[in-house]
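Engineer: For the protein sequence lines, the chains are A and B, in the order given.
At position 81 of the first sequence the residue is numbered 80 (numbering that gives the first Met the number 0), and the sequence of numbers has no breaks.
At position 48 of the second sequence the residue is numbered 47 (numbering that gives the first Met the number 0), and the sequence of numbers has no breaks.
Note that these hints are calculated values from the structure, not bench results.
Do not take every clue at face value.
Each pair may be met inside one copy or between any two copies, as identical chains are not told apart.
[What the hints assert, rightly or not] Lysine to any residue pairs mimicking SDA-like chemistry, simulated, CA-CA at most 20 Å apart:
id: 1; residue 1: Lys32; residue 2: Ala7
id: 2; residue 1: Lys32; residue 2: Thr103
id: 3; residue 1: Lys75; residue 2: Gln24
id: 4; residue 1: Lys32; residue 2: Thr1
id: 5; residue 1: Lys21; residue 2: Asp71
id: 6; residue 1: Lys75; residue 2: Glu19
id: 7; residue 1: Lys21; residue 2: Val2
id: 8; residue 1: Lys32; residue 2: Leu12
id: 9; residue 1: Lys75; residue 2: Ser6
id: 10; residue 1: Lys21; residue 2: Ile96
id: 11; residue 1: Lys75; residue 2: Arg55
id: 12; residue 1: Lys75; residue 2: Pro108
id: 13; residue 1: Lys21; residue 2: Thr79
id: 14; residue 1: Lys21; residue 2: Pro77
id: 15; residue 1: Lys21; residue 2: Ala81
id: 16; residue 1: Lys75; residue 2: Thr1
id: 17; residue 1: Lys32; residue 2: Leu89
id: 18; residue 1: Lys32; residue 2: Ser66
Nothing here was measured: the structure is a model prediction, and the numbers come from that model.
Number of protein chains: 2
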Amino acid sequence: MTVLDPSAGYFTLINTFTVEPKRAQALLAHLSKATEELFLHAPGFVSANLHMSRDRRHVTNYAQWRSQEDYDAAVKNPETQAHMRDAAALASTFNPIFYDLIETHLAEPAA
Amino acid sequence: MTVLDPSAGYFTLINTFTVEPKRAQALLAHLSKATEELFLHAPGFVSANLHMSRDRRHVTNYAQWRSQEDYDAAVKNPETQAHMRDAAALASTFNPIFYDLIETHLAEPAA
Chain A
0 MTVLDPSAGY
10 FTLINTFTVE
20 PKRAQALLAH
30 LSKATEELFL
40 HAPGFVSANL
50 HMSRDRRHVT
60 NYAQWRSQED
70 YDAAVKNPET
80 QAHMRDAAAL
90 ASTFNPIFYD
100 LIETHLAEPA
110 A
Chain B
0 MTVLDPSAGY
10 FTLINTFTVE
20 PKRAQALLAH
30 LSKATEELFL
40 HAPGFVSANL
50 HMSRDRRHVT
60 NYAQWRSQED
70 YDAAVKNPET
80 QAHMRDAAAL
90 ASTFNPIFYD
100 LIETHLAEPA
110 A
């Protein structure tokens with residue numbers, strides 16, 4: 000399970016792909032395969048969390064890395080560059096944004 | 000702590016606000032206050048997770064609800080509508096997208 004905890008201090012990448020609905024499943028499968036093959040053993044990789052929008056027009060990866068430096072090093076790999084070109088070709092647009100998780104608010108447990 | 004687990008079956012809302020960097024902190028504070036006052040006790044609310052982009056041009060809420068019906072009911076509340084207008088006034092644009100979490104990939108623990 001992925002845990003969101005501001006005190007972990009992770010680098011968070013949210014990458015939102017816009018996609019034709021008929022290609023959404025193929026894009027998600029491509030991101031899944033690339034995660035397993037390229038990122039899972041990369042130094043500093045923590046998690047990737049793949050989301051499909053209910054209208055199938057967006058596929059979004061919520062990814063955690065130990066640091067931005069670890070992420071930068073992973074994406075310099077030529078195999079990763081090839082994967083990113085393939086993902087971009089399946090999508091209409093993509094928009095990676097680099098974040099820090101600042102606050103988490105949780106529902107209070109029922110009494 | 001927030002947990003991302005596909006088997007939970009939550010409705011996931013990722014709302015990306017574009018903002019002038021000088022207003023980013025005020026927007027995050029507004030979202031934080033509204034979460035505490037309006038959502039924390041709403042039926043079906045699970046979590047809100049507030050992110051600031053490293054360039055301060057985006058503030059993003061990754062929110063979990065038990066179901067889309069619970070979220071729809073919460074946003075019909077007139078106080079929630081007023082909050083959303085205030086948040087929209089602080090931001091340049093906002094883009095709420097409705098998702099399901101499909102897959103989570105975790106780094107394997109070091110041997």
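Engineer: Would you mind marking each hint as holding or not holding in the structure?
Structural biologist: To see whether the hints hold, each was checked on the structure:
{"no.": "1", "hint": "Lys32 - Ala7", "verdict": "neither (27 Å within a copy, 23 Å between copies)"}
{"no.": "2", "hint": "Lys32 - Thr103", "verdict": "between (30 Å within a copy, 12 Å between copies)"}
{"no.": "3", "hint": "Lys75 - Gln24", "verdict": "neither (26 Å within a copy, 32 Å between copies)"}
{"no.": "4", "hint": "Lys32 - Thr1", "verdict": "within (18 Å within a copy, 26 Å between copies)"}
{"no.": "5", "hint": "Lys21 - Asp71", "verdict": "neither (31 Å within a copy, 27 Å between copies)"}
{"no.": "6", "hint": "Lys75 - Glu19", "verdict": "neither (28 Å within a copy, 30 Å between copies)"}
{"no.": "7", "hint": "Lys21 - Val2", "verdict": "neither (31 Å within a copy, 30 Å between copies)"}
{"no.": "8", "hint": "Lys32 - Leu12", "verdict": "within (18 Å within a copy, 25 Å between copies)"}
{"no.": "9", "hint": "Lys75 - Ser6", "verdict": "neither (28 Å within a copy, 33 Å between copies)"}
{"no.": "10", "hint": "Lys21 - Ile96", "verdict": "between (25 Å within a copy, 18 Å between copies)"}
{"no.": "11", "hint": "Lys75 - Arg55", "verdict": "neither (30 Å within a copy, 25 Å between copies)"}
{"no.": "12", "hint": "Lys75 - Pro108", "verdict": "neither (44 Å within a copy, 23 Å between copies)"}
{"no.": "13", "hint": "Lys21 - Thr79", "verdict": "neither (25 Å within a copy, 35 Å between copies)"}
{"no.": "14", "hint": "Lys21 - Pro77", "verdict": "neither (29 Å within a copy, 37 Å between copies)"}
{"no.": "15", "hint": "Lys21 - Ala81", "verdict": "neither (23 Å within a copy, 37 Å between copies)"}
{"no.": "16", "hint": "Lys75 - Thr1", "verdict": "neither (25 Å within a copy, 31 Å between copies)"}
{"no.": "17", "hint": "Lys32 - Leu89", "verdict": "within (14 Å within a copy, 39 Å between copies)"}
{"no.": "18", "hint": "Lys32 - Ser66", "verdict": "neither (23 Å within a copy, 29 Å between copies)"}
Hint violations for this structure: numbers 1, 3, 5, 6, 7, 9, 11, 12, 13, 14, 15, 16, 18, all remaining hints satisfied.
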